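Full structure from sequences and hints, please.
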Amino acid sequence: MNIFTDSSWWIVGIVVAIMYIWSLRKNREKTVHAFRRSGRFILKSLPLFFLAVLLIGFMQIVLADFIEYSFQDPNVGILSATVLGLLLPGPRYAIYPLAQVILVAGGNIGAVMALIASQQLLDVPEGCFIEVKFLGGRFFLARLLIAVATTLVAGYLAYAVNFFIPLWSP
Amino acid sequence: MLDAVMVEGTLFILLLIFFVWVYVSFPTRIGEAIDFSVTNLIETIPIFIVASLLAGWVDAWVDKDLVVRLFKQRGLVTGLFVITCLGIATPGPIYSIFPIVYVLKKKGIDSHFLIAYLTGQTLMGPMRIPLEIYYLGTTFFVFRLISTVLLGVFAGLCAYPIHRWLNESLERVSAEFNR
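Chains as they are written, first to last, in the numbering used here: chain F, 5 to 174; chain X, 136 to 314.
These are computed hints drawn from the structure, not numbers from a lab.
Among the hints, a few may not be true.
Unchecked claim - Listed below are the simulated EDC-like cross-link pairs for lysine to aspartate or glutamate, each with C-alpha atoms no more than 16 Å apart in a straight line:
hint : chain 1 : residue 1 : chain 2 : residue 2
1    : F       : Lys48     : X       : Glu143
2    : F       : Lys137    : X       : Glu311
3    : X       : Lys242    : X       : Glu306
4    : X       : Lys242    : X       : Glu303
5    : F       : Lys137    : X       : Glu306
6    : X       : Lys241    : X       : Glu303
Computed from a prediction, not measured in an experiment: that's the story for all the values here.
Following this line, the structure appears as structure tokens:
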């Protein structure tokens with residue numbers, strides 16, 4: 005898919021533009037706030053996103069064999085994706101390029117789903133310190149265990165759905 | 136600020152490790168890795184900008200207190216369903232959500248609902264939707280949206296048997312926090 009030729013992205017862009025025009029007519033202050041928040045978000049996130057995409061470029065070469073073998077088997081794939089996802093740092097959107105690489109390489113859909121869920125449910129290391137500070141170690145530990153269980157369910161659910169109704173094929 | 140530097144630092148160290156690994160083990164494939172990354176960046180940056188504008192708009196127009204106001208005690212599964220959906224609709228990184236979770240807790244909302252809310256918020260967010268559709272397709276996104284709602288309810292049900300034990304701990308942490 006190419007963003008410059010894919011019309012659906014132009015539609016999304018136009019919808020966002022209409023939302024801002026509406027916003028500008030309704031409340032100028034809120035529109036300025038929205039622009040400022042967006043700008044701050046872009047400035048803060050872009051270096052991280054740049055590093056994450058660069059990292060995945062190198063990772064996909066090193067992990068190609070590992071992904072090819074382990075992510076094709078649903079059980080090994082879901083378990084290794086759960087562990088890999090918990091260890092992967094960075095913002096939650098950074099997982100999508102890696103998930104795409106695995107999916108295109110023929111990885112099992114359950115493993116891809118588990119990888120995304122595992123990376124997103126707990127922000128290691130940046131989020132966990134703040135979570136312990138705000139909600140305590142007991143709450144964090146309970147959420148960690150529940151997150152692992154949820155990740156496994158996510159992986160097997162996707163695998164089962166795709167087994168009976170094939171939605172994705174390698 | 137320190138957190139952001141730590142994350143970027145960790146990513147940079149990982150990048151260095153994988154660069155050296157590729158340089159030593161697959162020296163002929165360095166160009167391929169850089170090509171992949173550059174193409175990915177060029178194609179993604181416009182989506183990233185659109186997604187950021189969308190997140191900014193939601194931040195300006197969706198009242199954050201709405202999450203607190205909308206949620207009232209309901210039946211267990213219905214309540215978990217509603218709060219998971221609210222979690223999905225709440226934008227922002229996880230550490231910006233803890234103050235909301237803290238407010239929900241102070242309003243007397245049980246810990247299993249908080250876990251469902253955090254599950255929904257972390258698994259899906261308004262800003263990430265365009266990126267997810269771009270990288271993984273609409274079918275994948277729709278499936279993940281439905282499964283996120285189910286997983287939020289599942290996570291809440293997992294926490295339900297220990298919710299009193301968690302509530303005690305949360306109250307203790309809250310008291311220490313306010314001291």
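Now for the hints, and whether the structure bears them out:
| no. | hint | result |
| --- | --- | --- |
| 1 | Lys48/F / Glu143/X | holds, 11 Å |
| 2 | Lys137/F / Glu311/X | holds, 10 Å |
| 3 | Lys242/X / Glu306/X | holds, 12 Å |
| 4 | Lys242/X / Glu303/X | holds, 15 Å |
| 5 | Lys137/F / Glu306/X | holds, 13 Å |
| 6 | Lys241/X / Glu303/X | holds, 13 Å |
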